[in-house]
Amino acid sequence: MSAKIKSPWILHYNCGSCNGCDVEILACLGPKYDLERFGIINKGNPKQADIFVVTGPVTKRTRARLLRLYMQIPEPKVVVAVGTCACTGGPFRNMYNVENGVDRFIPVDVYIPGCTARPEAILKGIKKAIEIWKIKTKESIEVPVVIQKEFEETLSKMVLHGQTVDRRKIIHDLVNKYIKNNLEVTKCD
Amino acid sequence: MENKMIVPFGSQHITLLEPVRFIFETENEKIVNVDVDVGYVHRGIEKACQTKLNYKQVAYIIPRICGLCAMSHALAYITAVEKILEFDPPKKAKYLRVLVHELDRIHSHLFAMAHVAEAAGYENLVMHLFRDRELAMECLEILTGNRVQYDYGCIGGVNRDLTPEVEKILRKKLKKLEDRIHWFKDLYMNDYTLSLRWKGIGVISKEMAEKYNAAGPVARASGVRTDARAEFDALPYRDLGFEMIVYKDGDIYSRNLVRLDEIFVSLRIIWNILDGLPEGNYKEEVKGLPKGESVCRWEAPRGELFMHVRGDGKQILTRVRVKTPTFSNIPVLRELFVGANYADVPAIITSFDPCMSCTAR
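Sequences listed follow chains A and B, in order. Numbering-wise (numbering that gives the first Met the number 0), the first sequence opens with residue 0 and increments by one. Numbering-wise (numbering that gives the first Met the number 0), the second sequence opens with residue 0 and increments by one.
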């Protein structure tokens with residue numbers, strides 16, 4: 000565990016942002032701000048990532064992919080919403096193809112406001128995310144916001160019938176069902 | 000054939016900055032067919048411009064189409080509206096607009112070059128480019144107040160003046176940047192690794208670029224003389240020593256060199272502005288509501304941007320249409336993939352410097 004906390008790898012996903020916050024994240028990884036001194040590497044693979052950095056308002060095409068990526072990151076995981084768009088929807092709030100903020104879908108731990116978020120703010124936010132991540136354990140399984148209600152119903156039903164409960168499996172099944180029923184636009188979303 | 004294989008690339012991938020999906024049909028290592036989906040980041044900005052926001056607010060939502068070429072979008076819209084209102088901005092405002100627009104181009108080009116180097120696996124060069132890009136970013140910050148989304152242009156002029164203190168700092172930083180760009184030019188011309196990875200890869204011939212209507216540095220690297228800066232007169236580029244950069248080879252290497260040389264041109268324009276900035280106001284009051292129709296062509300860092308604005312004398316416009324450079328480059332990109340090696344795909348995509356948030360809006 001102690002070896003692990005020296006290398007929090009990040010996964011960066013852009014779910015509809017204007018690229019502004021994305022270039023600032025990359026500038027953070029560059030030599031001037033040097034996020035890599037915390038042991039951070041930007042990885043494209045969700046299965047190796049620990050911190051999920053999301054930018055942009057969630058559009059209707061990217062929301063299924065956002066949920067899928069979140070489910071694929073192993074616990075413990077921390078979600079950082081970078082930029083006003085990712086926090087609330089920002090200037091794109093209530094446009095017809097926008098879902099207003101990441102926290103409508105997945106639980107967010109750190110919000111970094113700003114249009115665009117400054118590199119100093121991103122540094123501080125990610126430092127904070129690492130602190131939160133240290134406290135979380137493998138058993139701290141969080142439920143995506145969209146299936147919270149169904150999850151509680153299913154859980155209480157199973158407890159009532161005296162069945163053994165595997166929270167992780169229930170969440171995976173419910174998310175897959177939710178994506179299939181509500182979010183899929185094309186086959187490869 | 001039986002050994003065809005379908006490889007999805009995206010919508011989330013390490014070399015991609017933003018969601019776009021390619022589905023490659025490959026035969027061994029060669030690509031035989033490709034399907035492109037660019038609509039992931041569609042937010043509906045054009046629709047909002049016609050329903051929710053008045054024409055002055057639109058000037059602040061239009062730059063949010065794309066963070067990297069924010070100034071181009073904003074200035075194209077502002078120029079189109081000023082054309083309808085028959086307003087001529089003050090000369091000083093025009094010069095300051097060029098100044099920020101060219102700084103924008105410098106940081107965008109350096110970013111694109113860094114991205115290509117990353118796809119080639121040259122991490123050292125990426126870090127060098129990112130460090131020197133910060134010089135341009137610092138210039139922008141001290142001049143406009145923000146690093147990326149600096150709403151500098153406004154209808155009637157620009158939002159901030161260039162004070163002598165700021166000018167002093169700009170000169171110092173730009174001198175340093177120019178020295179570094181000379182160093183990069185030397186590296187790009189002489190480095191063995193770079194030429195090995197990039198020469199002769201992803202070649203677009205002149206006929207192909209003309210047939211599929213390529214735009215921007217991609218077209219100029221193939222020998223097509225197209226640059227909206229040389230053709231329009233909304234900004235005083237002719238007085239400022241603008242020069243078009245054209246290369247003949249059309250491969251990844253010459254696309255990089257076009258970008259590098261355009262940084263030199265931009266720096267020369269900026270020096271000329273700093274030396275001969277005219278006196279006068281930087282902002283004037285604009286009266287009236289837009290009634291009529293106008294179009295504006297603009298040279299964004301990625302190529303030609305086209306803006307169409309129509310109003311009928313009310314606060315809310317009836318039509319705002321944006322045609323972005325990456326949209327023009329998608330057909331030639333698709334054509335280029337057929338017959339290429341799958342291993343070259345990341346390098347080819349990044350050398351186009353695609354901007355999907357522009358394309359899907």
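These are calculated hints, taken from the structure and not from any lab test. Don't take every hint at face value.
[Said to hold, decoys possible] Covered stretches of chain B, as calculated for chain A (at least 3 residues, CB under 8 Å):
1) 15-28
2) 32-46
3) 173-187
4) 221-227
[As the list claims (entries may be wrong)] Take a look, some chain B residues computed to stay more than 12 Å from chain A by CB distance:
5) 83
6) 263
7) 334
In this text the structure is predicted, and so the values were computed from the model without any measurement. Glycine is no exception: its CB is placed at the ideal position from the N, C-alpha and C atoms.
We went through each hint and held it up to the structure:
1. Coverage of the stretch 15-28 of chain B by chain A holds in this model, with 5 residues showing a Cβ closer than 8 Å to a Cβ of that chain against a need of three.
2. Against chain A, the stretch 32-46 of chain B contributes 9 residues with a C-beta closer than 8 Å to a partner C-beta. That satisfies the three-residue criterion, and the hint holds.
3. For the stretch 173-187 of chain B, the proposed coverage by chain A is not satisfied: 0 residues have a C-beta within less than 8 Å of a C-beta in that chain, short of the threshold of three.
4. Taking a C-beta to C-beta cut-off of 8 Å, the stretch 221-227 of chain B contributes 0 residues in contact with chain A, too few for the three needed, and the coverage statement is violated.
5. The non-interface label for residue 83 of chain B is consistent with chain A: the shortest C-beta to C-beta separation is roughly 24 Å, beyond 12 Å.
6. For residue 263 of chain B, the requirement that its beta carbon stay farther than 12 Å from each beta carbon of chain A is met, with the minimum near 22 Å.
7. With a least CB separation of 22 Å from chain A, residue 334 of chain B remains clear of the 12 Å interface cut-off, as annotated.
In the structure shown, a violation is registered for the earlier hints numbered 3 and 4, in ascending order.
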